[in-house]
Amino acid sequence: MACCQDHQHYDRDALISFIEGYRGQPSGLIQVLSRIQQTVGYLPKDLLAVTSERLDLSLTEVYGTASFYAFFTFRPRGRHGITLCNGTACYVKGAGQVLESLEQELNIRAGDTTSDRKYSLDVVRCIGCCALAPVITIDEDVYAGVDPEKVPEILGKYE
Amino acid sequence: MNIQQLTEMREVARQKLLVRSGELPKDGYKYHVLVCGGTGCVSSGCKAVRDTLIDEIKNRGLEEKVRVIVTGCLGPCNMGPIVTIYPEGTFYQHVNPDDAVYIVREHLENGRHIEGLMYRSPETGKLQDRWEEIDYFRNQMRLVLRNCGFIDPLSLEEYIARDGYAALAAVLEAGSPEKVIEEITSSGLRGRGGAGFPTGLKWGFVRKAPGTPKYVVCNGDEGDPGAFMDRSVLEGDPHSVLEGMVIGAFAVGASQGYAYIRAEYPLAIKNFSYAIEQARLNGLLGKDILGTGFDFDVEVRVGAGAFVCGEETALLESIMGRRGEPRPRPPFPAQEGLFGKPTTINNVETWANVPLIIHRGGDWYASIGTEKSKGTKVFALAGKVNNTGLVEVPLGTTLRQVIFDIGGGVAGGKQLKAVQTGGPSGGAIPAKYVDVPISYESLAELGSIMGSGGMIVLDEDSCMVDLARFFMDFVQDESCGKCTPCRIGTRRMSEILTKLTQGRGTPEDVELLIELANVVKNSALCGLGQTAPNPVLSTTNNYRDEYDAHVKDRKCPTGVCPMRVAPSRVRK
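Residue numbers (the working numbering), protein chains in the order written: chain A, 1 to 159; chain B, 1001 to 1572.
Simulated from the structure, these hints should not be mistaken for laboratory data. Wrong hints could be hidden among the right ones.
What the hints assert, rightly or not - Using C-beta positions, here's what the derived DEER-type ranges look like: (1) Asp1435(B) - Glu140(A): 40 to 46 Å; (2) Lys1414(B) - Asp56(A): 57 to 63 Å; (3) Val1436(B) - Glu140(A): 19 to 25 Å; (4) Gly94(A) - Phe1205(B): 32 to 38 Å; (5) Gly94(A) - His1113(B): 36 to 42 Å; (6) Gly1340(B) - Glu140(A): 35 to 41 Å; (7) Ser27(A) - Gly1286(B): 36 to 42 Å.
Given the structure is predicted, the values throughout are model-derived calculations rather than measurements. Heads up, the beta-carbon is just placed ideally off N, CA and C, and yes, glycines get one too.
Put together the whole structure using the sequences plus the hints.
In structure tokens:
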């Protein structure tokens, strides 16, 4: 049964059976949460409840772990994920200006999603391309040596 | 596969790799074209270059003569996309798809080398044809990176051709875990994750610790912003890490291993997982390894975005599916680690050193480096420097050699101001110490640490107060919140530093900052908190005048800080 929640289509049955595979194994919590995050785009409440019940953990424990890690979100994300690297190399090479430009262009702050749910903007600490600083990634694409003035042009490639 | 079959496979595999040592093989291939496929080159567009090369080779009917191989990271990311052609070893930089067409027509079809794509030494102005001749590589000693950029990381065969799994076979054949530990101890190998604990000693503790099963863990949670050595090794030579883990498991008596790799490194996760599959299929992992009766398997665990998980006890908590919060040591993981059992946890680079040490001997390894810091270290050179990328040098090399001889000096002809090693846990080493040989001890004496190998070059335009603020901001964000000194102390320090960079600071603030830094250093629970004040302590020690300028003159000497509040409006 395909499910329609927050306009996100995903195979809920497959996801539940993945969770089922970790029945009674609390140590599988992060793998389960990662799968939900990847499949749905965030961690919906009802699936956290399923996780808690199957993995033999309280909902508080599930929430405690989920909220600890930066990769998990509790709200739906945009269709395109923009990540700005703010590692040391990117920082000294002007990541701050790139961030300003992105925030201005998208009219959101880092950590937010645009109201049309087209883009989400996040700042991460290092994606390990320090030689190419400053770097942003959009979905799977990496943009090196980003010039703040080129931001609108880069964003224009995504629909 | 048993040991005999492994040896036979190596003979066959070596024949196929002969082109890359400048010889003519029997399989008909005249050229091997190596395209660097590290994350850096992927970002510079190497995939289009590879596709064009393959298409053009087909168009010209050269498929039988030319093999195109995508390798892991070769190192000099600023020169990407990079194409190397064997048997000559010709190095082409900044290659675009049009150049790729040209390479096929000129080099591969007509044997003419293309000068326009070669590297020109900025010092002598001479073209440098072979990659080994280039200043950037000539001054390195590539041991851990021996295969990175030279083999296809997805090919077990190519790894085996380069003596891969020979060390494992030797260890299993000899059947003495104690001898393995002796060899590692005599090599003087120390933990490459930053703390520098002797690896042989750690393994000895785990071997002797009561309790089963025992575990082996690879720390691939390279969180230091500005460091990417581990990523490149996992991407470019995953089997070397895996072989190291199997040898380590045999030495300590472990039956299960985990590789914890951060989620920000998708290619590393992919390549390492693929290596595990290949090793399992070929009897190098799983039950009855190489027919010797030894059982050991490895699982990949993907991180979820928490810097503190690079701390070993936090990492173990995370593997167990919990919040990645450190716990007090002792008990050390060697006694009570994963699931409460004896565990040896080592960094990616440490594991990659292991097969090499076993293969060439602990004494050989100990002959490289300084008295107390043996072997080589891989650094991720970045920031305001001409050649950025991965650099591997023997310990005892000076910062000057790394920044100037290999890195080609400070970018834009500016003056070197400082070098930040060890990331947020390290300190800024002033330019006047640039001739100090790099070792665990010398960097600690200078108020920094070796750390995992991040090396950020700062020039005269970098503000040291702002740098301290940047790192403190990072650490307070990543503090897990379990212990009070780190949770509150880093926040307060971050607030003071922000105040200073906005021109609202007072001399008392600087005093309070230093006091807080010392308190946090002495009282935090884990390595993250204890080292968090290092950037503050090293910059207040060496650049006190800059702090004074920020609070007394309310000026940022480099003009980096916003100093938004006009001096007249600051209330005393």
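Here is what the structure says about each hint:
{"no.": "1", "hint": "Asp1435(B) - Glu140(A): 40 to 46 Å", "in the structure": "holds, 44 Å"}
{"no.": "2", "hint": "Lys1414(B) - Asp56(A): 57 to 63 Å", "in the structure": "holds, 59 Å"}
{"no.": "3", "hint": "Val1436(B) - Glu140(A): 19 to 25 Å", "in the structure": "violated, 42 Å"}
{"no.": "4", "hint": "Gly94(A) - Phe1205(B): 32 to 38 Å", "in the structure": "violated, 46 Å"}
{"no.": "5", "hint": "Gly94(A) - His1113(B): 36 to 42 Å", "in the structure": "holds, 37 Å"}
{"no.": "6", "hint": "Gly1340(B) - Glu140(A): 35 to 41 Å", "in the structure": "holds, 40 Å"}
{"no.": "7", "hint": "Ser27(A) - Gly1286(B): 36 to 42 Å", "in the structure": "violated, 21 Å"}
Consistency with the previously given hints fails for numbers 3, 4, 7, ordered from lowest to highest.
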